[in-house]
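S.K.: Top line first, the protein sequences correspond to chains A and B. In this text, residue positions in the first sequence follow the working numbering: the first is 1, and each later residue adds one. In this text, residue positions in the second sequence follow the working numbering: the first is 1001, and each later residue adds one.
Relax, there's no trap hidden among the hints.
Some but not every residue of chain A turned toward chain B, in silico, with C-beta under 8 Å:
1. Ala36
2. Gly70
3. Glu99
4. Phe116
5. Tyr117
6. Asp118
These aren't lab readings, by the way, just hints derived from the structure by calculation. Given the structure is predicted, the values throughout are model-derived calculations rather than measurements. Beta carbons: idealized from backbone N, C-alpha and C, even for Gly.
2 protein chains.
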Amino acid sequence: MSTRDIADDLVTMWKAGQFHESGVKYWAEDVVSVEAMEGPMRTVTGKTAVNGKSEWWANAHEVHGAEVEGPYVNGDQFVIRLKMDVTVKESGARRQLDEMCLYTVKSGKIAEESFFYDS
Amino acid sequence: MSTRDIADDLVTMWKAGQFHESGVKYWAEDVVSVEAMEGPMRTVTGKTAVNGKSEWWANAHEVHGAEVEGPYVNGDQFVIRLKMDVTVKESGARRQLDEMCLYTVKSGKIAEESFFYDS
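Working from the sequences, and respecting the hints, build out all of it.
M.R.: Here you go:
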């Protein structure tokens, strides 16, 4: 699959609420996931670990709604803009997330995902 | 200046219509500019060449309005979302541009800029 094919499929899956499932489908075995934070959790490497992070996130949040824009493609990379209305289960806080998700594709798999937040 | 400082300044300058000026202020001498296209113009390297590309763009388009969102920061990178209402002077065509602009900062300068388009 081309970068555009994967980008289009991710957008389709996200619009259907399949955020975690899209990762499972496309993460490379040695995928790198980069958060916009400092510290040891900034970079998570490997499909098993990234899958764990994704499952943690899904279990820790209730998603009330999401708005997906894109994909925006350039070469082997693409950006999807994701706005989410969520409740953080532990605190009960309602939050409006606004993030840019940058993906790098190699050999038909997601080699890197990097999340940029508005602030 | 930190990555966030530069990101915030670019957003401020863009909101004031200073697109080209923001590049002149922050491009590194060996800046790389990457367009979402194939062919020899995909990558332009060096401040002089990137400045030339930017001046060409500014002269070839009439900007009627722009909407700037961000910055979205992650480590030494940030994304700005730019929507522009322009007329291509040569053809007279009115176009609504929607792009994600990804910047990589090194030593307080823009080391790379990469433009992702919606399609």
